[in-house]
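Trainee: So the chains spell out like this:
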Amino acid sequence: NAGVMQNPRHLVRRRGQEARLRCSPMKGHSHVYWYRQLPEEGLKFMVYLQKENIIDESGMPKERFSAEFPKEGPSILRIQQVVRGDSAAYFCASSPKVGDSPLHFGNGTRLTVT
Amino acid sequence: DAKTTQPPSMDCAEGRAANLPCNHSTISGNEYVYWYRQIHSQGPQYIIHGLKNNETNEMASLIITEDRKSSTLILPHATLRDTAVYYCIVRVVNDYKLSFGAGTTVTVRA
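Chains as they are written, first to last, in the numbering used here: chain A, 66 to 179; chain B, 7 to 116.
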């Protein structure tokens, strides 16, 4: 059973470009979560999605950031007009349901903005 | 809003048991204790979780005190590959969020 797959592992963007991060949850998991880890900081919750629905985006910056989890295909975290402060590791996690169900994380996408 | 307290770092010898403490004195009856670890450059890895009973799986054992105010994660035979940051997290039942603190940096030495 494949784990949570994230791609790309590394992404370099110039300031002002767009970054698209992809996450394929584990088979049978319909809940997806995105976390961000800034350099030398802890993991911070960004957004929680179920299929086609954003449930909680309270941790996601209001501007330039968006997330989706379409009926078909991976979840996408999109960052428009990237700035240097967006440089971080972005982790996706998935779970089969909410409640007594661990989140399983991918190995992340490391975004570097030059 | 830290709900857990962990030592910032600890060393242990390869082949010996590693006992990682965690204090969660304000834990509520509807909150689980979860443990994750993050090996350098990888995503967090789920280890184990429990509500009030002790738990064991192929990776580790979780011992929760009777008053639930603290717990210990035990890695029975530490290897060099267990070197990682270990996070103790309190999570409300039916809540979807995990709040990561600073964790304990565990270094396993040969």
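Derived from the structure by calculation, the hints contain no laboratory data.
Values in this document were obtained by computation on a predicted structure and should not be read as measured data.
Glycine is no exception: its CB is placed at the ideal position from the N, C-alpha and C atoms.
Be aware that a few hints might be false.
Okay, the calculated bits of chain B under chain A, using three or more residues with CB under 8 Å as the criterion [claimed, not checked]:
id, region
1, 27-36
2, 80-89
Negatives, chain A to chain B, calculated, CB over 10 Å [as the list claims (entries may be wrong)]:
id, residue
3, 67
4, 77
5, 78
6, 96
7, 121
8, 126
9, 148
10, 150
11, 163
12, 169
Trainee: Hint compliance check: list the failing hint numbers for this structure, sorted ascending.
Mentor: Per hint list: 1, 2, 6, 7, 11, 12 violated.
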